[in-house]
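> Residues per chain, in single letters:
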Amino acid sequence: MPSSFVATMAQIGALIVKELRAILKEPSSRAILLAPALLQGLLFGYGATYDLKHVPYAVLDQSRSAASIALLARLDGTGVFVRDATLTSSSQIAGEIDAGKALMVIGIPSDFEVRLAAGQRAPLQVILDGRNSSTAGAASAYVGAIVAGYNATLGGDARSGGTPANTPAVTIERRAWYNPNLESRWNLMPALIAALSMIQTLLLAALSVAREREQGTFDQLLVTPLTPMQILIGKALPAILVGLLQSTIIFLIIRFWFGIPMNGSVGLLYLGLLTFNIAVVGVGLSISALSMSMQQAMLYTFLLIMPLMLLSGLLTPVRNMPRVLQVATYANPLRFGMSIVRGVYLEGAGLAEVWPAFIPLFVLAAVTLPLAAWLFRNRMS
Amino acid sequence: MNTAGFTRRFMALLRKEVRQMLRDRSNMAVGLLLPAALILLFGYGLSFDVKNAPVAVVLEDTSPVARDVVDGLQGTSYLTPVWTTSMVDAEARLRAGDVDAIVRIPVDFPSRLAAGDARIQLVLNGANSSTAQTVEGYVSGAIGTWAQRQVERAGNKPFAMGGVEVVQRMWFNEAGISTWYLVPGLIVLVMTLIGAFLTSLLIAREWERGTLEALFVTPVRPMELVLAKLVPYLVIGAIDLVLCLLAARFLFHVPIRGSLSIIYLISMLYLTVSLLLGLFISGVTRNQFQASQIALVASFMPALMLSGFVFDLRNVPMAIRVVSHVLPATHFMGLIKTLFLAGNDWSAILRSTIILSAYAVVLAWATQRTLRKRLD
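The listed protein sequences derive, respectively, from chains A and E. For the first sequence, the working numbering gives the first residue as 847, with consecutive numbering after it. For the second sequence, the working numbering gives the first residue as 89, with consecutive numbering after it.
Hints are supplied without guarantee of correctness; some may be wrong.
[Claimed, not checked] Covered stretches of chain A, as calculated for chain E (at least 3 residues, CB under 8 Å):
#1 881 to 890
#2 933 to 946
#3 976 to 987
#4 1020 to 1026
#5 1129 to 1143
#6 1149 to 1160
[To be verified] Computed footprint of chain A on chain E; a stretch qualifies when at least three of its residues, placed anywhere within it, have a C-beta under 8 Å from a C-beta of chain A:
#7 104 to 116
#8 149 to 163
#9 265 to 271
#10 333 to 343
#11 395 to 405
#12 426 to 437
Since the hints were made in silico from the structure, they are not lab data. Each residue gets a CB set at the ideal place from its N, CA and C atoms; glycine is no exception.
Build the full structure now, drawing on both the sequences and the hints.
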């Protein structure tokens, strides 16, 4: 019956228009749904990095020799290590580290050059601020590589002096797929396309029914000719649209502002984002249908968001988690939304590679959306 | 000022706020359940330390020397080698995400080794750059050790004997355990969440329901309202703080080198700032929908991403550092890591106390301004 189909569509359409008006009616509400995506995309793009870019360090050079200066020049030459202070006594080391002014203090003992010339081991003291052990560890590894390079030049001198080469020369040729310079921004930013939009979309969906419940208009909606399914679609579509819009803003920032190359197909990326958003909105509407007030909807959403973010692989890989938590991540839409976006964006994956990540999202949507529709009618105060 | 009147009005308001808080179970869920869940998630779920990373080892040459060179990849808890003889197979596994890296020993390895120019290919999955870097470190370490051993076996004195030797010491966190800096950061996140989530709707809800206008005809002063809304949640936060500290000490064995009472007091100060920020957002927006969106975007995400929780602030561009220092969370984050791992640093304690107190005073004043008895 095409006429009844048209009527159904018109009813849903009217509800969608009303929902969009409720969300976007005020300029301040519009700003709240769009500005954070823009701002966060930019801020986190610069701020969320594991890469060593600027490491302030202090030097206590008691040797003041050609050898120590040559080694320090190598350090400064990286552009990453920036000398913050030149110390004159070991009593100053604690002050530099404690105040957090230097991430690292390098101490060169007075007999440094003498020992090197004699072919002995010359200790180079490296003191690190372990209050962020990840950064400290990365800085330490970098210093190790610089010293190894320096030692190699010493070896070269020894060789030219007549000593036969006696280490097996093994060169490791490194190649990194998808991210040739191993920049952490390339890894983090595509994940934000899914993560940042999820937060606000989830809350938007969760508040939608709760707000009407609190204001008493939901009961009016239930006595209209609209079926719960139609109400569901009317509530879900605007939230999905807002989610896609936010994702698009972040996607454009990553692609054009930060210039991270997109290797996969835009169509598949959006198919993934659409599926992801449907699952997220399903979860949000279920929360909304369970809540009796906006306060409750908001608190339940917040209760969920932290675990969803932490157990998604955004900051730390899922594989590092204990077995039990890894199993729990199968119920987390963000884990799979992110894995689709990362796969398509960075690795240029096609449907053949990413289809398994769609399944948990479909399952989640198939469970939460009907649940929400059922709860609309069956949960009343 | 009439103190008796103040006490009476304040106690009446306080009783109402406490009842309202206890009546709704979702408040308790977020106030007490969420912190407990977060503690466990953080302590056990988050780890930057790579363990058992699967690495495909392609042995195109099956001579003993080729096996020997990659032998060191086994038997560590860092890497799990997956043996294969075909590069095509290994690349398929890398593409599917089954392995994090490929180590390839080419077919001409022994002959080139004899000539002193051997090559080993290492292919990394750069999509996860930090894991890739760690794996690279382990692989080159293992192969370097092999090379060293070869030299010693040949009876030669390795020339590296005469080089610079790095003697490294990591202060405050000698073993470099990431839990040690994540758990103090967790306290910051929990205090931020309590503030943003529990208080950001309080005033907006009263505006929407019109109950605030009803209060305008009573002798209640705006500041009394702010205090009455603050105190019940301070109590919840104080309980959470005890939970966090107990977990840090007894569950995760993070050292507490500073004074416990200072940690407690400064955390309560930050909690006050965080609750007042929630109330301020609530008072400014007068709209629950906007208040909750702003609270989420303005407090929680920056505290997670920009406060120096995992991303070191010394490592970010100047402009971002300026933005991050506007956040109260940044000032508390730096201090609490110091108090846990380094000890009492009085100049840092003084500086953060002044900054956080200033935030508290300004926010309390600004919030009570939003409650002035004036109709639109």
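> All hints, please: hold or fail.
Status of each hint after checking the structure:
With a cut-off of 8 Å between beta carbons, the stretch 881 to 890 of chain A has 4 residues touching chain E; three or more are needed, and the interface restraint holds. Requiring three or more residues with a Cβ within less than 8 Å of a Cβ of chain E, the coverage given for the stretch 933 to 946 of chain A holds, as 4 such residues are present. Coverage of the stretch 976 to 987 of chain A by chain E holds in this model, with 11 residues showing a Cβ closer than 8 Å to a Cβ of that chain against a need of three. Restraint check on the stretch 1020 to 1026 of chain A versus chain E: 7 residues with Cβ-Cβ distances below 8 Å, three needed, restraint holds.
For the stretch 1129 to 1143 of chain A, the stated coverage by chain E holds: 5 residues have a C-beta nearer than 8 Å to a C-beta of that chain, and at least 3 were required. Proximity of the stretch 1149 to 1160 of chain A to chain E, defined as three or more residues with a beta carbon under 8 Å from a beta carbon of that chain, is established by the 7 residues found. Remark: the stretch 104 to 116 of chain E is confirmed as covered by chain A, as 3 of its residues place a Cβ nearer than 8 Å to a Cβ of that chain, reaching the required three. Only residues whose beta carbon comes within less than 8 Å of a beta carbon in chain A count, and the stretch 149 to 163 of chain E has 1; fewer than three means the coverage is violated.
By the rule of at least three residues with a Cβ nearer than 8 Å to a Cβ of chain A, the coverage given for the stretch 265 to 271 of chain E holds, with 4 such residues. With 0 residues having a beta carbon nearer than 8 Å to a beta carbon of chain A, the stretch 333 to 343 of chain E misses the requirement of three or more and the stated coverage is violated. Proximity of the stretch 395 to 405 of chain E to chain A, defined as three or more residues with a beta carbon under 8 Å from a beta carbon of that chain, is established by the 8 residues found. Check result for the stretch 426 to 437 of chain E against chain A: holds, 6 residues qualifying (beta carbon to beta carbon below 8 Å, three or more required).
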